[in-house]
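Read off the chains here:
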Amino acid sequence: DAKTTQPPSMDCAEGRAANLPCNHSTISGNEYVYWYRQIHSQGPQYIIHGLKNNETNEMASLIITEDRKSSTLILPHATLRDTAVYYCIVSKIQGGSEKLVFGKGMKLTVNP
Amino acid sequence: GAVVSQHPSRVICKSGTSVKIECRSLDFQATTMFWYRQFPKQSLMLMATSNEGSKATYEQGVEKDKFLINHASLTLSTLTVTSAHPEDSSFYICSPSQVGGYGYTFGSGTRLTVV
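Top line first, the protein sequences correspond to chains A and B.
Taking my numbering, the leading residue of the first sequence gets -10, the next gets one more, and so forth.
Taking my numbering, the leading residue of the second sequence gets 864, the next gets one more, and so forth.
A hint or two may mislead.
[Said to hold, decoys possible] Below, computed lysine-lysine pairings styled on DSS-like, alpha-carbon distance capped at 25 Å:
1) K883(B) to K918(B)
2) K58(A) to K88(A)
3) K88(A) to K929(B)
4) K(-8)(A) to K904(B)
5) K96(A) to K904(B)
6) K96(A) to K58(A)
7) K41(A) to K58(A)
8) K883(B) to K88(A)
9) K41(A) to K(-8)(A)
10) K904(B) to K88(A)
11) K904(B) to K93(A)
12) K81(A) to K929(B)
13) K918(B) to K929(B)
14) K81(A) to K41(A)
15) K927(B) to K88(A)
16) K918(B) to K88(A)
Please keep in mind that the hints were generated in silico from the structure rather than gathered at the bench.
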């Protein structure tokens, strides 16, 4: 079973920041938070991951609460191409044989 | 880095025939390969996990004799759907994995339609 919960959907205006929440209250100390997104009929695309500290890359920022029970993915300037299903996943290690368990994800719709 | 090639992207086959899906990691060595399937409007469900040179481990409810997985090299894995039936129609996605780095990458998926 997925160890994360996300709202089923969210709308965002083009050009505005999109803040995508995720709860992972049972996360273990050695588990990372991963974010992926899936655009219709494509494979999941890696966005960002983190353990404890906030992370930023060219795609997004990841804010993890101090207790690590929740996190927020921030797309600073959403575009129409960011419309996708976003998955928040926790996993113990970076790759290897540890499988990723996908929940239902959250459908982000960016509106013009 | 972490380039994955999965093909075919789309295939239509007749009931009772077999279909092979290939997944290649082009610029890294995948010690582990995950195979997922996704039915319409649903999330990805893990089917099986394989380590290079070893037999695959199947998730509960996935028939190992129907979904044959070969992971003979660190850069290539195949999934063969044998004696396909319409209920096998789905979106199949591979995920080669290596320890470290991003760890998890995904193929672009294969849309299988069994008629």
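Status of the hints after comparison with the structure:
Taken as a hint, the K883(B) and K918(B) pair is honoured in the structure, with Cα atoms around 17 Å apart against an allowance of 25 Å. Note on K58(A) and K88(A): the hinted pairing holds, with a Cα-Cα distance of about 21 Å set against a maximum of 25 Å. Between K88(A) and K929(B), the direct Cα distance comes to roughly 22 Å. Compliance with the 25 Å bound is thereby established for this hinted pair. Of the supplied pair hints, the one linking K(-8)(A) and K904(B) holds, its CA atoms being roughly 20 Å apart against a limit of 25 Å.
As the CA atoms of K96(A) and K904(B) are separated by approximately 11 Å, the hinted pair is consistent with the 25 Å bound. The hinted pair formed by K96(A) and K58(A) meets the criterion: a straight-line CA distance of about 21 Å does not exceed 25 Å. The hinted pair formed by K41(A) and K58(A) meets the criterion: a straight-line CA distance of about 10 Å does not exceed 25 Å. For a cut-off of 25 Å, the pair hint linking K883(B) to K88(A) stands: about 23 Å separates their Cα positions.
Between K41(A) and K(-8)(A), the direct Cα distance comes to roughly 17 Å. Compliance with the 25 Å bound is thereby established for this hinted pair. Proximity of K904(B) to K88(A) is assessed by CA-CA distance (about 22 Å); at most 25 Å being required, the pair is judged to hold. Restraint check: the Cα-Cα separation between K904(B) and K93(A) comes to about 9 Å, which is no more than 25 Å; the hinted pair holds. Between K81(A) and K929(B) the alpha-carbon distance is near 30 Å, which puts this suggested pair outside the 25 Å criterion.
Proximity of K918(B) to K929(B) is assessed by CA-CA distance (about 14 Å); at most 25 Å being required, the pair is judged to hold. At most 25 Å may separate the alpha-carbon atoms for a hinted pair to count; K81(A) and K41(A) meet this at roughly 13 Å. Simply put, K927(B) and K88(A) have alpha-carbon atoms about 18 Å apart, close enough for the 25 Å limit, and the pair holds. Using a Cα cut-off of 25 Å, the hinted pair K918(B) and K88(A) holds, with the two alpha carbons roughly 16 Å apart.
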